[in-house]
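Participant: Dock chains B and C against chain A, hints included.
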Amino acid sequence: MNKITGHYSHAYDDELNEAVDRLIRMGALVGEQLQDAIKAFIKGDRELASQVIQTDRKVNAQEIDIEEHCLDIIARRQPTAIDLRLIVGVLKSINDVERIGDQAEHIAKQLLDEDCQRPTDAQLEDIDMMGDKVLNMLQQALLSFQRMDPALALDVLKQDRLVDHDYGRILRHNLTYMLEDTRQITRGLHLIWVARALERIGDHAQNICEFSIFITKGRNVSHLTEDEVDAVVHDKV
Amino acid sequence: MKTNSTLKMKAENVRVFYGANEAIKGIDMNVYQNEVLAFIGPSGCGKSTFLRCLNRMNDTIDQCRVTGLIELDGQDMYDPRLDVVQLRAQIGMVFQKPNPFPKSIYDNIAYGPKLHGLASKKSELDDIVESSLQKAGLWKEVKDRLDQPGTGLSGGQQQRLCIARTIAVSPEVILMDEPCSALDPIATSIIEELIDELKANYTIVMVTHNMQQAARVSDRTAFFHMGEMIEIGSTTEMFTKPNNKRTEDYITGRYG
Amino acid sequence: MNMNSNNGSVSDNQLIKNKVAASLARRHRQEKLLRGTGLAAVLISLALVSLLFINIFSKGLPAFWQTSITLDIYFDPSVLQISEKPVQRADEHDNAFRQRDLEWRSEVGRINFNRLISTALMDVLPDAEQHRRHVLRMVTSGERFALRDMVINDPSIIGSTQRLHLLTDANIDVWIKGNIDRSLPDHQQQLSPIVRQWADALYANGTIKNRFSFALFMNPDSRSSLASAGLAGAFMGSLFMMLIVMFLAVPLGVAAAIYLEEFAPRNKLTDLIEVNINNLAAVPSIVFGLLGAAVFIGMFNLPMSTPLVGGLVLSLMTLPTVIIATRSSLKAIPPSIRQAALGLGASKMQTIFHHVLPLAIPGILTASILGVAQALGEAAPLLLIGMKSFVATVSVSPMEQSTALPVQIFLWQGNELRNFFEARTSAAIIVLLTLMISLNAVAIWLRKRFEQRW
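Residue numbers (this note's numbering), protein chains in the order written: chain A, 1 to 237; chain B, 1 to 256; chain C, 1 to 454.
FYI, nobody ran anything at the bench for these hints, they're computed from the structure. Hints are not guaranteed to be accurate.
[To be verified] Each computed DSSO-like pair below joins lysine-lysine, with the alpha-carbon atoms no more than 30 angstroms apart:
id	chain 1	residue 1	chain 2	residue 2
1	C	K348	B	K135
2	B	K241	A	K158
3	C	K348	B	K122
4	B	K97	C	K348
5	C	K331	B	K97
6	C	K348	B	K114
7	C	K331	B	K103
8	B	K103	C	K348
9	A	K92	B	K241
10	A	K3	B	K241
11	C	K177	C	K59
12	C	K448	B	K103
13	B	K143	A	K236
14	B	K199	B	K103
15	A	K92	B	K245
16	A	K236	B	K114
17	B	K97	C	K448
18	B	K199	B	K143
19	A	K3	B	K245
20	C	K348	B	K121
21	A	K217	B	K241
22	A	K109	A	K39
23	B	K10	B	K245
24	B	K114	C	K331
25	A	K217	B	K122
26	B	K10	C	K348
[What the hints assert, rightly or not] Quick list of the computed label-pair ranges, beta carbon to beta carbon:
id	chain 1	residue 1	chain 2	residue 2	range
27	A	D164	B	S189	45 to 55 angstroms
28	C	L43	B	P42	47 to 57 angstroms
29	B	G233	C	D12	45 to 55 angstroms
Every residue gets a Cβ at the ideal spot worked out from N, C-alpha and C, and that includes glycine.
Just chain A, with the same shape it has in the complex (with noise of 0.2 angstroms):
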């Protein structure tokens, strides 16, 4: 844990630390949540996934509670320079957090479908392997946000790639056996929404560890190439 220190006013420093402190404290609820839906999924068990669907009230909660501490901060001490971008990176993760969240959500509502199939075991595992990286991931990216490490923010951002592959494989996987056959297109279409929303679930970890990079570097690198990032990331610029 990096704390915020060094202000004149020690009570500054603390309001920022408490900042990152709710963000990651909401990333963990988050993470929870998802790793339930996960579970719920694979399981099939509708108590836990409609758990899942109540944790999101606590997660908004969460972020309009964290929004307006920044908002506190920014109207009473205008931060500037890293504090400022740390404000701003903790403004914008927690959107991000939360929409982890809703996709989080969005996958336990696939159980909610009565009519619905239970998939086969290969389908789940595959769904199961996918979901360990993108947890995995949201976890890093979380540490790099709370240790200010860009070092293994980028090293977050690189995992992406693994989770859009497996993505494209179960989507590829998942056409043919619709293009096989018609009934297992409503228990395909479910497989593929919930790897889409896993693979969204990586796409905001990785806003979170560009945010963390933002943050310590003061350069904002979401549209830049991977070997951009990397020199940002090392100084090299």
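Facilitator: Here is chains B and C on its own, set in the frame of chain A:
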């Protein structure tokens, strides 16, 4: 923010000594036409001292010695053949505490033009007074009481009167030494707005200890520390992503 | 644990409160003591000042009124046998006429005007024939010159009878005002018994009356006719010296102060000058008198006892005061005004003359006037340059011998006719004080007037 690239003033290796004490330790700086350049830094960092070098106000202090080169439009300002009176007409100065003369509003403005023989007739002088007050945004407030003492105005009005008085001698550069430090927030906003308007016709160099003010009004900012200029650059860059650790510590309110 | 520490801080607070309360009582006591002492000091000094004023005014005010005797003087042509007053003829040279006039005046001067006075007195005094030689003691000796001057001014009054108020002898004034113990035996009285009787009788029937004394203001000092001694000579001397101080010390002092404050470089020499000026201000005034005697009279051979030398000495004495006060009023002008002017491109000279000096003028004026007032009240240095000599004429130029108001006070204070001159001295002090207070009032007025120009 867009900055003009015509060089107006240039400082090279400027050092200022008070007796044996070196207050400014070798500063290089360019000032461009029609920009607002703000100096920030902790107290005693030399920002005001350096500002005073720019119109040779330091000449009036005993035991103050300036070395290095300062140019205005390519002309060496410390050339002994140069008339300092003429120079100060080209480079006006507005001070920290509003300091109108204890005379009428009219006489406050008219003093400079009379001194430099800018008006040959009363009507010309009237015109200068009116246009200066217009430019300083004070005309509407005082046009019916030009004969009343300038010291009777409010603090913010007094400071605008001082700005009008400076404008009246048609300077090219206006130096401002913490112009708002004695004013309330509304008067400060009015002056800041005025600085933004004046930028079209004048080059403005200001010292401020209010960093937010530098952020609000300046195109470029220079950070001074212990008699050195640590960093100079666009204000946006300075306040979002300063290059130097000491700059960042200062503007984010950290002890370095 | 938490509770304990809370309790600890509560009892700590109580302890601190008690300590503060204890020290508070002491502080209040000290405050009261200080205030009481200050008030007492002010009251004592007020009491002393009022005592002084009451003393001076009670003694001095009666001296503004002086006894005079109303007589019908017959300008007897048999006594006043003089030729006609000369008139300048058209073809006559000025010098020739002046010569004739002077001869005529001395002819008038040779006449015994006392005869007119004693004739008139014989009419009003009972039993005058038996005490002939005492008759003229009623009127002060100087009055015969007043009659002479009347005749010289207008010879046509010869043959007429004029009702005149003639000043009585100083001793009669003392007698009537009760400034001498009436029960003293005859040999200790200044006046013979018959004169005292006459004075009482005439005072009772209104022939002798207390009248406002113009002599005090119009006449120079006198030793032969004490009742007609006045302040005019001393006043003129003081006036001349005041003018010299005003036109010498003030401009010089202001100029020196401006130079030292604004232009002089800060170095050893100017430091030395500054120390010297400060020390000069503390030099006793009598030393300046010695200096004046040595330099102006000894080296430059200027005439002794004249207001010129007195004025020069007083100027020297006032100079440091003016310089110091002017410098401090220049220092008091806020530097922001100088900066403003310099920033607009005014030269140093313009800054000083356009801005600094006009703002400093009230202070400079006040300092100057107070300096002049101080000089006006100074006696000691004047004694050393001979201004204590008796001068029986009113000087009309600063080159003529003269005395000064404070010196006149000193001289009268030492006069042997104590019971007449004690009051006269206090009257002179009142005149001097009035003059000083007027000067201070002018200083205050000028300050107010110039300060109104912001």
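Participant: Would you mind marking each hint as holding or not holding in the structure?
Facilitator: Hints, verified against the model:
At most 30 angstroms may separate the alpha-carbon atoms for a hinted pair to count; K348(C) and K135(B) meet this at roughly 29 angstroms. Taking the CA atoms of K241(B) and K158(A), the gap is about 26 angstroms. The hint holds against a cut of 30 angstroms. Taken as a hint, the K348(C) and K122(B) pair is honoured in the structure, with Cα atoms around 26 angstroms apart against an allowance of 30 angstroms. Distance restraint check for K97(B) and K348(C): the Cα-Cα separation of roughly 21 angstroms lies within the 30 angstroms cut-off, and the hinted pair is therefore satisfied.
With a CA separation close to 18 angstroms, the supplied pair K331(C) and K97(B) stays within the 30 angstroms bound. For the given pair, K348(C) sits about 16 angstroms from K114(B) by alpha-carbon distance, which is consistent with the 30 angstroms threshold. The straight-line distance between the Cα atoms of K331(C) and K103(B) is roughly 20 angstroms, inside the 30 angstroms bound, and the hint therefore holds. A hinted pair counts as satisfied when its Cα atoms are at most 30 angstroms apart, and K103(B) with K348(C) qualifies at roughly 19 angstroms.
A distance of roughly 18 angstroms separates the Cα atoms of K92(A) and K241(B); the hinted pair therefore holds under the 30 angstroms criterion. Annotation: proposed proximity of K3(A) to K241(B) holds, straight-line Cα distance about 20 angstroms (limit 30 angstroms). For the hint linking K177(C) to K59(C), the alpha-carbon distance of about 12 angstroms falls within 30 angstroms, and the restraint holds. The suggested pairing of K448(C) with K103(B) holds, with an alpha-carbon distance near 17 angstroms, which does not exceed 30 angstroms.
Only pairs whose Cα atoms come within 30 angstroms are accepted, and K143(B) paired with K236(A) is rejected, the gap being roughly 60 angstroms. Taking the CA atoms of K199(B) and K103(B), the gap is about 29 angstroms. The hint holds against a cut of 30 angstroms. About 25 angstroms separates the Cα atoms of K92(A) and K245(B), which keeps this hinted pair within 30 angstroms; it holds. Taken as a hint, the K236(A) and K114(B) pair is broken in the structure, with Cα atoms around 60 angstroms apart against an allowance of 30 angstroms.
Among the hinted pairs, K97(B) with K448(C) is consistent with the structure: their alpha-carbon atoms are about 27 angstroms apart, no more than 30 angstroms. As the CA atoms of K199(B) and K143(B) are separated by approximately 24 angstroms, the hinted pair is consistent with the 30 angstroms bound. A threshold of 30 angstroms between alpha carbons decides the hint, and for K3(A) with K245(B) the separation of about 18 angstroms falls inside it, so the pair holds. Of the pairs offered as hints, the one joining K348(C) and K121(B) holds, with about 26 angstroms between alpha carbons and a cut-off of 30 angstroms not exceeded.
Only pairs whose Cα atoms come within 30 angstroms are accepted, and K217(A) paired with K241(B) is accepted, the gap being roughly 8 angstroms. Using a Cα cut-off of 30 angstroms, the hinted pair K109(A) and K39(A) holds, with the two alpha carbons roughly 13 angstroms apart. Simply put, K10(B) and K245(B) have alpha-carbon atoms about 26 angstroms apart, close enough for the 30 angstroms limit, and the pair holds. Between K114(B) and K331(C) the alpha-carbon distance is near 27 angstroms, which keeps this suggested pair within the 30 angstroms criterion.
Under the criterion of a C-alpha separation no larger than 30 angstroms, the hint pairing K217(A) with K122(B) is inconsistent with the structure, at around 62 angstroms. At roughly 27 angstroms between alpha-carbon atoms, K10(B) and K348(C) fall within 30 angstroms of each other, so this suggested pair holds. Distance hint check: the CB atoms of D164(A) and S189(B) are about 51 angstroms apart, consistent with the given range 45 to 55 angstroms. Between L43(C) and P42(B) the beta carbon distance is about 54 angstroms. The supplied range of 47 to 57 angstroms therefore holds.
Look at G233(B) against D12(C): about 53 angstroms separates their beta carbons, and that is inside 45 to 55 angstroms.
Going down the numbered hints, you'll see the structure goes against 13, 16, 25, while the others check out.
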